[in-house]
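Going down the list, the protein sequences come from chains F and Y.
Residue numbering for the first sequence follows the numbering used here, starting at 1 and increasing by one per position.
Residue numbering for the second sequence follows the numbering used here, starting at 1 and increasing by one per position.
I should point out that these hints are in silico values taken from the structure, not numbers from a laboratory.
Certain hints may be false.
Heads up, the list lumps identical chains together, so a pair's fine if it works in one copy or across two of them.
Stated by the list, open to error - In silico lysine to aspartate or glutamate, EDC-like type, Cα no more than 20 Å apart, as pairs: (1) Lys-29 / Asp-113; (2) Lys-349 / Asp-91; (3) Lys-29 / Glu-263; (4) Lys-349 / Glu-124; (5) Lys-29 / Asp-137; (6) Lys-29 / Asp-171; (7) Lys-29 / Asp-373; (8) Lys-349 / Glu-108; (9) Lys-349 / Asp-136.
What you are looking at is a predicted structure, and each value in this text was computed from that prediction instead of being measured.
Protein chains: 2
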Amino acid sequence: MTVDTTAHPSPGVTAAAGFQASGVVAGLKASGRPDLALVVNEGPSQVAAAVFTTNRVVGAPVVWSRQAVSDGVVSAVVLNSGGANVCTGPDGFLDVHRTAEKVGNVLEISPGDVVVCSTGLIGEPLPIGKLLAGVDDAVSHLSRTGGLAAATAIMTTDTVPKTAHLTIQGDRGEWTVGGMAKGAGMLAPGLATMLCVITTDAVVDAETADAALRAATSQTFDRIDSDGCMSTSDTVTLLVSGASGAVPDPAGFTAALTQVCAELARALVADAEGASHDIAVTVMGASTEAAGLAVARAVTRSNLFKAAMFGNDPNWGRVLAQVGTVPESVAPFDPDQLDVTINGVMVCKSGGAYRPRTEVDLAANREVHVLIDLHAGPEVVTVWTNDLTHDYVHENSAYAT
Amino acid sequence: MTVDTTAHPSPGVTAAAGFQASGVVAGLKASGRPDLALVVNEGPSQVAAAVFTTNRVVGAPVVWSRQAVSDGVVSAVVLNSGGANVCTGPDGFLDVHRTAEKVGNVLEISPGDVVVCSTGLIGEPLPIGKLLAGVDDAVSHLSRTGGLAAATAIMTTDTVPKTAHLTIQGDRGEWTVGGMAKGAGMLAPGLATMLCVITTDAVVDAETADAALRAATSQTFDRIDSDGCMSTSDTVTLLVSGASGAVPDPAGFTAALTQVCAELARALVADAEGASHDIAVTVMGASTEAAGLAVARAVTRSNLFKAAMFGNDPNWGRVLAQVGTVPESVAPFDPDQLDVTINGVMVCKSGGAYRPRTEVDLAANREVHVLIDLHAGPEVVTVWTNDLTHDYVHENSAYAT
Numbered sequence: 001m002t003v004d005t006t007a008h009p010s011p012g013v014t015a016a017a018g019f020q021a022s023g024v025v026a027g028l029k030a031s032g033r034p035d036l037a038l039v040v041n042e043g044p045s046q047v048a049a050a051v052f053t054t055n056r057v058v059g060a061p062v063v064w065s066r067q068a069v070s071d072g073v074v075s076a077v078v079l080n081s082g083g084a085n086v087c088t089g090p091d092g093f094l095d096v097h098r099t100a101e102k103v104g105n106v107l108e109i110s111p112g113d114v115v116v117c118s119t120g121l122i123g124e125p126l127p128i129g130k131l132l133a134g135v136d137d138a139v140s141h142l143s144r145t146g147g148l149a150a151a152t153a154i155m156t157t158d159t160v161p162k163t164a165h166l167t168i169q170g171d172r173g174e175w176t177v178g179g180m181a182k183g184a185g186m187l188a189p190g191l192a193t194m195l196c197v198i199t200t201d202a203v204v205d206a207e208t209a210d211a212a213l214r215a216a217t218s219q220t221f222d223r224i225d226s227d228g229c230m231s232t233s234d235t236v237t238l239l240v241s242g243a244s245g246a247v248p249d250p251a252g253f254t255a256a257l258t259q260v261c262a263e264l265a266r267a268l269v270a271d272a273e274g275a276s277h278d279i280a281v282t283v284m285g286a287s288t289e290a291a292g293l294a295v296a297r298a299v300t301r302s303n304l305f306k307a308a309m310f311g312n313d314p315n316w317g318r319v320l321a322q323v324g325t326v327p328e329s330v331a332p333f334d335p336d337q338l339d340v341t342i343n344g345v346m347v348c349k350s351g352g353a354y355r356p357r358t359e360v361d362l363a364a365n366r367e368v369h370v371l372i373d374l375h376a377g378p379e380v381v382t383v384w385t386n387d388l389t390h391d392y393v394h395e396n397s398a399y400a401t
Numbered sequence: 001m002t003v004d005t006t007a008h009p010s011p012g013v014t015a016a017a018g019f020q021a022s023g024v025v026a027g028l029k030a031s032g033r034p035d036l037a038l039v040v041n042e043g044p045s046q047v048a049a050a051v052f053t054t055n056r057v058v059g060a061p062v063v064w065s066r067q068a069v070s071d072g073v074v075s076a077v078v079l080n081s082g083g084a085n086v087c088t089g090p091d092g093f094l095d096v097h098r099t100a101e102k103v104g105n106v107l108e109i110s111p112g113d114v115v116v117c118s119t120g121l122i123g124e125p126l127p128i129g130k131l132l133a134g135v136d137d138a139v140s141h142l143s144r145t146g147g148l149a150a151a152t153a154i155m156t157t158d159t160v161p162k163t164a165h166l167t168i169q170g171d172r173g174e175w176t177v178g179g180m181a182k183g184a185g186m187l188a189p190g191l192a193t194m195l196c197v198i199t200t201d202a203v204v205d206a207e208t209a210d211a212a213l214r215a216a217t218s219q220t221f222d223r224i225d226s227d228g229c230m231s232t233s234d235t236v237t238l239l240v241s242g243a244s245g246a247v248p249d250p251a252g253f254t255a256a257l258t259q260v261c262a263e264l265a266r267a268l269v270a271d272a273e274g275a276s277h278d279i280a281v282t283v284m285g286a287s288t289e290a291a292g293l294a295v296a297r298a299v300t301r302s303n304l305f306k307a308a309m310f311g312n313d314p315n316w317g318r319v320l321a322q323v324g325t326v327p328e329s330v331a332p333f334d335p336d337q338l339d340v341t342i343n344g345v346m347v348c349k350s351g352g353a354y355r356p357r358t359e360v361d362l363a364a365n366r367e368v369h370v371l372i373d374l375h376a377g378p379e380v381v382t383v384w385t386n387d388l389t390h391d392y393v394h395e396n397s398a399y400a401t
């Protein structure tokens, strides 16, 4: 097997055969930047799968799109930035319906095969006239090299478009998985408050696509937690064109999909609002995966820990204080057996101070690696987060104004 | 019944008869500020109760003090700032033992009747020689007016000492409850990462004292959540001297104790690290108290909500996004029925925008009142928190250096 990820920036959703995409200015953003993206599956397959936020308060686009994808068939995804269309009542749902109908009419496909995604401020109605006019423009700009334009049009506070792809040349032929994602705030598991479209030209049935997408997102987007805040709009859609004719085995497909998702998830953390550090919290020696995940999430949600990281202070006491908040029923461990290693220096051994914290250099690199050994089992889990910075506070106190 | 809370500042732990206290400089703090406090119960009763953090990683003082209070008898509480004595291994526990023995020897009481509390940085050994020498000094300074000195000596990043008291003149005689508390960071339920000593000259048995203290703290300290971070050292100790001879009924005693705890808890929020707003999140229409509490805590832990409050932005979308993270099994409600009122202005009704957010003035007052109506039952719960500010990030990224 060989792997090709040489194109930089990656064309994202148009890396795989059988897809066209575009990104245009519909006028939803006051800044005048691109704000409407379209991704169209030219087939021959129209197989699709999607996963959504588990928030109980969801945008009208999520309500619509859950239904649209439920039959495993999606022909197009339309995405807008400049407004989340969340908490907008019956009118908000009507606007989603209109958007899907417009896309369906222009592309001559069923509106029920159109996934709709929106991102931006909660509680404000979309300027639907501008959006519908923008759909015409987006269709006229559709192109087999439009992936980067689409990735750019879904950005909100993102500073860079996020795209990735992977081409597999194996026994069963050559096939590609590509994707784009946006998300820089409200990043927390289930999913990482974000919009993402992934495309593939492999031949995959709906059941395999769904299982592969759930497996891939649970290991990637579900394991980044920038600020602990779960979004109302998270949507990850996988579109399968089958245009390569290659039929990968399900495990190989899941692995490739997971790799593309991991690359996009890492890009989200790297571009998180106001962050100065990307922090990998790895829990080893966990009794179960769930135990390791609970401990890792407790640490990645601590403002005190995250503020210490911002100050380049390897404050392992704040790590242990968070580890201790996890109930024994969730994660068995002995507090007197806990080890903490930060950037390769074991600062805490058996629950107490070990190497001097002055040996840890946090300032030199954006990446920080915190390793917690529970000494309670064989499982290892990593969750990525960011530090808590002045710029985070600034961006999120001034966002709406 | 009349109530006397006229003394400002309150003498705190020495407001009730039968108690002496002191606060001295033992040299544990680099700043040279007072760092050792002592509270002694002169009786005739030595009844006591205490509640502790539910963190599984706890300081040696918590391990010791849980044992000391388990028989319902405590004669003295010694508290130091300048070091938490957490994650300090067997030597740390030995230091607690030495401290209790020293206090016991000098006061001629059993070391097993001495509660020990420490607050400060985790993972550093205490300078035990200085601490033991400080005990002699603290004993020599004991006084029936020493409450404020004691409250001052337990401050860490607190900017003001926190004391409160309440005198009840009722059918059963006159009795007083007084207390002191410290805590400005690592403030989260179970308990609100803090040290607190409460004294009373009422005549109360051990069982009543324990039940009253658990009831009072569950409604007060357990309902403030400044930064979501649970401490390793939280200790609230109630000492009963019985010196007034008055025997209150248990309900009246619990009410008075709750009022003193509420006043101290409110003072902790008012002095939280770097905060510019004190925010009361009230959930009404909850099906159960637990449901209301879960929803309130979800909101008070949202960095996005707290940053919006700092920016004086009545961003109800971020409130709803947090409400939606609470599982239906915990808090039943219909997302389309949610109302949000901020400082008296209903900005969200039935899950959608209502009054314009421009009608809400957040800048004028430090206090903010957020009212969420779940329309799912009769229960009402309030949790206090603070906004997320630049000063919070600054204090907590620079704390250890």
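Results for each hint:
no.	hint	verdict
1	Lys-29 / Asp-113	neither (27 Å within a copy, 67 Å between copies)
2	Lys-349 / Asp-91	between (58 Å within a copy, 15 Å between copies)
3	Lys-29 / Glu-263	neither (28 Å within a copy, 47 Å between copies)
4	Lys-349 / Glu-124	between (51 Å within a copy, 14 Å between copies)
5	Lys-29 / Asp-137	within (16 Å within a copy, 67 Å between copies)
6	Lys-29 / Asp-171	neither (47 Å within a copy, 69 Å between copies)
7	Lys-29 / Asp-373	neither (47 Å within a copy, 32 Å between copies)
8	Lys-349 / Glu-108	neither (64 Å within a copy, 39 Å between copies)
9	Lys-349 / Asp-136	neither (62 Å within a copy, 35 Å between copies)
The structure does not agree with the numbered hints 1, 3, 6, 7, 8 and 9 stated previously, though it agrees with the rest.
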